[in-house]
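**Student:** For reference, the chains in residue letters:
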Amino acid sequence: MKTYKQPSSVGRFGEFGGMYVSETLMPLLLNLDKSYKKIQKDKKFKKELNDLFKNYVGRPSSLHYAKNLSKYINGPKVYFKRDELNHTGAHKINNCLGQILLAKKMGKTRIIAETGAGQHGVATATVCALFGLPCYIYMGSKDIERQKPNVFRMKLLGATIIPVESGSKSLKDAMNEALRDWIKNVRDTFYIIGSTAGPHPYPKMVRDFQSVIGKEAREQILKVEKKLPDFLIACVGGGSNAMGLFYPFLNDKKVKIIGVEAAGRGAKTEETAATMTSGTPGILHGSYSYVLQDNDGQIKEAHSISAGLDYPGVGPEHSYLKDIKRVKYYGITDKEALEAFQTCSKLEGIIPALEPSHALAYLIKAFKNKHKNKVVILNLCGRGDKDLFTAAKAIGFDADE
Amino acid sequence: MQMNNLDSLPKKKILSLFMTCGFPTLNYSKKIFNEMLSHQPDIIEFGLPFSDPMADGPIIQEANKLALRSKLSTQHSLNLIKYLSKSKNNTSFVIMCYLNTIRKFGLNKFIKNIKNIVDGIIIVDLPFEEESAIKNSLSKNNIHLIKLISPMTDKKRSQKLLKNSKGFIYYISATGITGSNKLDYKEINKNVKSIKKMSSVPVLVGFGIKSKKDVIDIFKKTNADGVIIGSALIQKYFDLKMDFNKYLKGLKKFIKEVKV
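Sequence order for the protein chains is U and B. Count along the first sequence from 1, then add 15; that gives the number in this note's numbering. Count along the second sequence from 1, then add 21; that gives the number in this note's numbering.
Mixed in with the good hints, there may be bad ones.
Have a look at the derived ranges for each label pair, beta carbon to beta carbon [to be verified]:
(1) B/SER29 with U/GLY147: 54 to 62 Å
(2) B/ASN48 with U/ASP203: 51 to 59 Å
(3) U/GLU286 with B/ASP260: 54 to 62 Å
(4) U/GLU234 with B/LYS161: 54 to 62 Å
(5) B/LYS161 with U/LYS62: 51 to 59 Å
(6) U/MET121 with B/GLU152: 26 to 34 Å
(7) U/LYS380 with B/LEU261: 55 to 63 Å
(8) B/ASN162 with U/LYS380: 51 to 59 Å
Think of the hints as simulated: they come from the structure by calculation, not from any bench. Quick reminder that beta carbons are idealized off the backbone N, C-alpha and C, glycines included.
Based on the provided sequences and hints, a complete structural model is requested.
**Tutor:** See the structure below:
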């Protein structure tokens with residue numbers, strides 16, 4: 016079997032990826048790529064990052080055997096990779112620490128980021144506070160409304176939040192505005208992209224920083240089960256938590272890998288965020304990948320109850336993995352995710368974020384009474400605190416009662 | 022093969038006017054472009070609306086939004102350009118768009134629609150590294166792929182980009198998105214001079230040129246061969262509270278002013 020070696024030196028995952036940006040950004044991206052290649056060989060950088068992972072984030076995150084959920088499903092043994100236990104409550108911090116160390120090395124003095132659910136915004140604001148750099152977060156006004164706790168967190172951490180009123184007022188539009196800011200302030204600013212999306216080298220860089228998840232999970236499962244897992248499951252918006260878990264297993268052909276997208280009100284409806292189920296290849300935010308678009312190539316607005324998955328694009332590596340059939344992708348609706356959100360809370364005593372609730376929903380639906388004696392690792396990439404208001408409203412729970 | 026108007030641009034004081042196709046609606050857009058054409062500018066740039074114009078500022082973004090809201094398709098835009106080409110005369114027609122628009126329409130079909138009508142294309146998000154296939158197809162049909170140079174483009178990269186350049190060179194005057202930031206004449210002059218050493222085609226300065234004074238200053242304080250005005254033409258519409266008749270008159274006055 017061929018060893019998995021993606022992307023190419025110019026950031027191609029098969030035909031996907033690449034760098035589709037204006038000439039104002041091009042020199043900067045090439046420079047970023049060069050700097051990133053350099054620090055990958057830098058032992059001091061690695062040591063610094065590992066130290067932060069251990070002492071600041073609390074890594075390694077545990078691998079928890081979800082006994083009650085496994086019993087409920089009556090199928091495989093389910094393990095949660097608990098990246099929701101990380102400092103700041105999600106996997107996003109892994110990548111932010113890597114990128115801010117790089118920004119420091121490159122002499123950048125101002126940090127910008129986009130955020131959907133606010134998890135990446137909080138993680139970016141956190142590392143900016145830690146390293147004493149000014150932080151500007153672009154966030155769609157619709158997301159500001161539905162992720163209030165995270166908005167307050169970012170403000171406490173000293174970040175400036177810039178509401179985005181254009182388009183669907185969510186993640187896609189926040190990314191447009193962040194890119195515009197970057198074009199304007201190209202000399203002093205570092206853009207910390209939170210997902211495996213965007214132009215090269217971001218999809219590779221973010222995957223590499225997040226792959227600590229998969230590396231740990233691999234070691235942990237080998238220790239407890241004495242074998243590799245049979246399945247990996249993770250939710251996919253832009254796709255960073257999923258790539259983080261999947262990447263170290265891609266060469267293990269026996270490990271079946273499943274990505275779960277947000278289908279919103281249904282993958283066949285107009286209100287969906289299931290890019291790979293309902294989209295076609297196109298160019299968005301500097302890379303070639305599956306996108307939700309109309310016949311004229313206009314990008315459609317996505318819909319998902321989960322702000323973190325509410326994105327009409329997907330990281331180019333996922334598009335590649337879909338096309339070579341290494342990973343299978345399925346859609347889960349808002350309703351199904353909400354049910355899994357409650358089931359997991361009740362059964363395991365863990366309130367998951369709405370994003371991994373999609374992965375949980377797929378697991379419960381597709382594995383019920385099946386795959387006995389198999390082992391599944393599910394990436395529990397974020398905790399649900401931020402979603403309490405959204406979920407309560409959707410479930411019809413009145414907090415004043 | 023028909024002549025390419027861009028090959029016979031004047032030597033100095035080239036004026037290029039940018040306007041979004043279908044803004045604010047297709048019918049009004051026809052009137053706007055007819056008005057622009059009646060002044061016989063050296064170049065007209067036709068912006069094809071895109072849902073996510075990440076290299077454009079808020080004004081052009083808004084224009085794109087209005088055009089798309091009136092259900093404008095790529096085919097509508099290309100038909101509009103074809104219709105206008107009847108009164109083209111010496112004006113060069115240039116399309117400015119994002120790559121996804123061409124990709125989705127189909128490159129060959131796109132070229133078929135604009136061949137012998139359009140002289141050049143600026144594809145904002147198509148960098149040098151990704152251009153070769155498209156550039157070949159375009160040049161076979163005598164359509165120039167216009168190069169953008171930014172203040173971030175260093176000398177070595179400029180040399181690579183400007184090799185065999187045709188039509189004109191679009192120098193991005195500010196490291197800003199269209200219609201923002203102030204003009205830095207010293208920096209513009211330095212970079213334009215350095216570009217002119219590497220290429221013999223005219224260098225036009227764009228991004229952030231808003232008034233007659235800006236145009237005069239560019240020609241007085243820098244070595245640029247021409248200017249590109251875009252956002253300022255569209256801004257007028259919003260300044261005049263979207264009163265179309267007033268806008269058309271305002272546009273006429275403004276274009277007369279900037280034709281220095």
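**Student:** Decide, hint by hint, whether the structure agrees.
**Tutor:** Okay, the hints, checked on the actual structure:
1. At about 57 Å, the CB distance of B/SER29 to U/GLY147 agrees with the hint of 54 to 62 Å.
2. A hinted range of 51 to 59 Å for the beta carbons of B/ASN48 and U/ASP203 is inconsistent with their spacing of about 45 Å.
3. In this structure, U/GLU286 and B/ASP260 break the distance hint of 54 to 62 Å, their C-beta atoms being roughly 37 Å apart.
4. The beta-carbon spacing between U/GLU234 and B/LYS161, approximately 56 Å, falls within the hinted interval of 54 to 62 Å.
5. Taking the beta carbon of each, B/LYS161 and U/LYS62 are about 54 Å apart, inside 51 to 59 Å as hinted.
6. For the pair U/MET121 and B/GLU152, the supplied restraint of 26 to 34 Å holds, since their beta-carbon distance comes to about 27 Å.
7. Checked against the hint of 55 to 63 Å, the pair U/LYS380 and B/LEU261 passes, with Cβ atoms roughly 56 Å apart.
8. Between B/ASN162 and U/LYS380 the C-beta distance comes to about 52 Å, which sits within the given range of 51 to 59 Å.
In summary, the structure is inconsistent with hints 2, 3 from the numbered list given earlier, while agreeing with the others.
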